[in-house]
Amino acid sequence: MSGTWVTIQLALISLAISLMFGLLGAWAKLSKNYLAQKTAAGYTTIVRGVPDLVLILLVFYGGQELFNSLGTATGLWDYVEISQFAAGAGTIGIVFGGYMTETFRGAIIAIPRGQIEAGVACGMDRLTIFRRVIWPQMVRYALPGFSNNWLVQIKSTALVSVIGLQDVVYNGFVAGKSTRQLFTFMFAVLIIYLLLTAVSDLVLRWLDRKYSKGIVRSDNG
Amino acid sequence: MGESIIAFLETWSPIDIVLIAQNFDRFLWGALVTLQLTVISLVVGGLLSIPLAIIRSGNNPFLNAPVWAFTYLFRGTPLLVQTYLIYYGLGQFEWVRQTALWEPILSQAWWCALIAFSLNTAAYTTELLRGSIITTSKGEVEAAKACGLGKWMRFRRIVLPSAFRRALPAYSNEVIFMLHGSVVASTITIQDLLGVGRWLNGRYYLAYEGFITAAVMYLIIVLLVSRGFRLWEKHWLKHLYPLDAVEARPKKGLASFRV
Numbered sequence: 004m005s006g007t008w009v010t011i012q013l014a015l016i017s018l019a020i021s022l023m024f025g026l027l028g029a030w031a032k033l034s035k036n037y038l039a040q041k042t043a044a045g046y047t048t049i050v051r052g053v054p055d056l057v058l059i060l061l062v063f064y065g066g067q068e069l070f071n072s073l074g075t076a077t078g079l080w081d082y083v084e085i086s087q088f089a090a091g092a093g094t095i096g097i098v099f100g101g102y103m104t105e106t107f108r109g110a111i112i113a114i115p116r117g118q119i120e121a122g123v124a125c126g127m128d129r130l131t132i133f134r135r136v137i138w139p140q141m142v143r144y145a146l147p148g149f150s151n152n153w154l155v156q157i158k159s160t161a162l163v164s165v166i167g168l169q170d171v172v173y174n175g176f177v178a179g180k181s182t183r184q185l186f187t188f189m190f191a192v193l194i195i196y197l198l199l200t201a202v203s204d205l206v207l208r209w210l211d212r213k214y215s216k217g218i219v220r221s222d223n224g
Numbered sequence: 037m038g039e040s041i042i043a044f045l046e047t048w049s050p051i052d053i054v055l056i057a058q059n060f061d062r063f064l065w066g067a068l069v070t071l072q073l074t075v076i077s078l079v080v081g082g083l084l085s086i087p088l089a090i091i092r093s094g095n096n097p098f099l100n101a102p103v104w105a106f107t108y109l110f111r112g113t114p115l116l117v118q119t120y121l122i123y124y125g126l127g128q129f130e131w132v133r134q135t136a137l138w139e140p141i142l143s144q145a146w147w148c149a150l151i152a153f154s155l156n157t158a159a160y161t162t163e164l165l166r167g168s169i170i171t172t173s174k175g176e177v178e179a180a181k182a183c184g185l186g187k188w189m190r191f192r193r194i195v196l197p198s199a200f201r202r203a204l205p206a207y208s209n210e211v212i213f214m215l216h217g218s219v220v221a222s223t224i225t226i227q228d229l230l231g232v233g234r235w236l237n238g239r240y241y242l243a244y245e246g247f248i249t250a251a252v253m254y255l256i257i258v259l260l261v262s263r264g265f266r267l268w269e270k271h272w273l274k275h276l277y278p279l280d281a282v283e284a285r286p287k288k289g290l291a292s293f294r295v
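Line order of the protein sequences matches chains L and R. If you use this note's numbering, the first sequence corresponds to residues 4 to 224, in order. If you use this note's numbering, the second sequence corresponds to residues 37 to 295, in order.
Here chain L is said to cover these stretches of chain R; the calculated rule only asks that three of the stretch's residues, wherever they fall, bring their Cβ under 8 Å from a Cβ of chain L: (1) 123–132; (2) 231–241; (3) 251–257.
FRET-style restraints, in silico, Cβ to Cβ: (4) D128(L) to E178(R): 50 to 56 Å; (5) L109(R) to S5(L): 21 to 27 Å; (6) H271(R) to I194(L): 39 to 45 Å.
Far from chain L, some chain R residues (derived; all Cβ distances over 12 Å): (7) W65; (8) Q72; (9) I76; (10) V80; (11) P87; (12) Q144; (13) L196; (14) Q227; (15) H271.
These are calculated hints, taken from the structure and not from any lab test. Even glycine gets a Cβ: it sits at the ideal position worked out from N, Cα and C.
Please put together the full structure from these sequences, using the hints given.
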């Protein structure tokens, strides 16, 4: 089942891209720069408003043409073919970067201002404050939202089979069609995804316990 | 004047606006199919989820386990695979093809999409409702007991109305999620909004026009839906505002810190 491996790679690479875009987006949204704020707001609105499959198709077909006509116009590069994997991982990463932006922004806002002021008072520069004060707590506050996003993101990778990437769905479909046992094969694909989400769920719970050490949860009574 | 604008668009515009305008009625039909699939499956799934959520919030293990398995299966797997399983998979079994349901329903892409979407949203909504049922404040239930309300009366008059209200913000996400999920219909030959975009691109051998038009229309629908839900929340969650506003409002000045 080489398709499963493709799916896992796709999910992990798009996760890395989405984390990058998420941090960048959160930074832009919280910055004082008007332009950065507006760009980030436009980015999250578009990316969270348009279904991911539409964007995947747009990037795969439209992006290819745009990229090549740009290359021809500037003379910088010749005909380049964007692979299904690159288009899929890139688009899913950018789309979920929009969701991550909101999660990270909320997490940074949740950090008490006094701690940041204390950091300034101790003479830390901005980078040190981010590394020592904001990041460790941001991870804790962002984890529930992040877990949610990640579980949705894994499932979104199935859509890349539509542009012909030979992931687990594509392979399962082709195999099922040739053996006339589509139910059996699609059910196997279903179980593979279930395993992937179940394993992620376990890892995320472990992370959650690790990062909330020393925090007393208040009772909801 | 009008002609010169069209001539300008045809020669200079990077995307073929004239072609989109000519086929705009198809896009509207596609949007209608998308909305139809989304709304019907939300209604069916929503109705299914109410009894399931009541079961999930109770503590009968024999009822609870199968419902849990159902929601776990549907929430842990992609909608695309579920839809494929129903549309392409069911035909594998001879006995399914023999039933009376095969010809009118199970061999039709539209019905299969509807079944898959309804079950999917039912699973998500069940867990969401369960969450808001079990967080109903104890005092309200105790007060209802003290007033002599029976178990069902308590659910109907006290627990459910308040649970529905509190589930509203999360449910608005589910509605948008379902709208996004409905694009899967275009992969099993249905001419929904994305289906029309793909058709246009395929027919005229284009790269962006169909997808961009579909994307813009999805964006408009999503913005309208979320605006609608915000108004709804304002109406139904009014009694919760003063308390929440104090807690949830981020301290001013914090957001202005640059990181």
